[in-house]
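Those protein sequence lines, which keep their order, are chains A and B.
Residues in the first sequence are numbered consecutively from 22, following the numbering used here.
Residues in the second sequence are numbered consecutively from 4, following the numbering used here.
Treat each hint with caution, since some may be false.
Partial pick of chain A residues on the chain B-facing surface, computed with a CB cut under 8 Å [stated by the list, open to error]:
#1 54
#2 60
#3 66
#4 69
#5 73
#6 74
#7 76
#8 79
#9 80
#10 94
#11 115
Keep in mind the hints are simulated off the structure, nothing from the lab.
Keep in mind it's a predicted model, so treat the numbers as computed, not measured.
Cβ atoms here follow ideal geometry from the backbone N, Cα and C, with glycine treated the same way.
Chain by chain, the residues:
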Amino acid sequence: GQQLNQSPQSMFIQEGEDVSMNCTSSSIFNTWLWYKQDPGEGPVLLIALYKAGELTSNGRLTAQFGITRKDSFLNISASIPSDVGIYFCAGLMEYGNKLVFGAGTILRVKS
Amino acid sequence: NAGVMQNPRHLVRRRGQEARLRCSPVKGHSHVYWYRQLPEEGLKFMVYLQKENIIDESGMPKERFSAEFPKEGPSILRIQQVVRGDSAAYFCASSPLGQADYGYTFGSGTRLTVV
C-alpha cells in the first residue's frame, strides 16, 4: 500500500526556534494535509495543499506541496509551548477518499 | 455546533468480548470514515460509509470487524471476540460530501483496551 515517510520522528527544541518537518512518498498525491494531534484528542487540520508548488501559510505555520507531488514540508516559526504535540502529514490520491498518514513527528518545546 | 462525537472515550474489554464504538457525524454530514491508530503510529484507514452503504472497506480486517451507518442514528464500528492486538485508538471522521480534499473533521476517538 501507499506509504508516507515522515521525518524527523521527534524534535526537542527551545522556545522561539523555528521547526521544519517533511513527508516524502514514492506515490503521487493530489492533496497534502497537515494535522496536529494533542494527547487524548483527534487530529485537527492545520493546512491543506491542493496544487504542486503551492505554498500556504496559517499564522506561524507554512507548508508547501512539492513540485513532484511526492513530498511536502511544514515549517513552524518562533515556536511556543502550545505547539507541543504530534504533527502528521496525510496524502490523498486523485479520486480517493481515504487519507494516507505519515507516522508523525513528536514536537517538544523547552521554555 | 457539535463536531464529530464519539463514545465511549475509553472502553475496556476482556479478550473474547464484543466492542461497540459509536460515532455521530457533524450535523448534515452523510459520509463517515473510521481510522485506527496504534501507539506511536499514524492513523490507518479502515472503512468509508455513506448513509446505509459501505463505500470502501479495504482497510477492514476480514474477520471480526464490521461497520454500519444506518439511516437513523450513529455509525457503529463493531469488533467481535476482541484480542489484545485490537487495543488502539479508533477515530471517526465525517464530511458533507464524499470528498476528503478538505481534510474532513475527526472526533476525539475511542481508546479501546483489551485485557
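Against the structure, the hints come out as follows:
{"no.": "1", "hint": "54", "in the structure": "holds (5 Å)"}
{"no.": "2", "hint": "60", "in the structure": "violated (11 Å)"}
{"no.": "3", "hint": "66", "in the structure": "holds (4 Å)"}
{"no.": "4", "hint": "69", "in the structure": "holds (5 Å)"}
{"no.": "5", "hint": "73", "in the structure": "violated (15 Å)"}
{"no.": "6", "hint": "74", "in the structure": "violated (17 Å)"}
{"no.": "7", "hint": "76", "in the structure": "violated (18 Å)"}
{"no.": "8", "hint": "79", "in the structure": "violated (12 Å)"}
{"no.": "9", "hint": "80", "in the structure": "violated (17 Å)"}
{"no.": "10", "hint": "94", "in the structure": "violated (17 Å)"}
{"no.": "11", "hint": "115", "in the structure": "violated (10 Å)"}
This entry does not satisfy hints 2, 5, 6, 7, 8, 9, 10, 11, going by the numbered hints stated previously.
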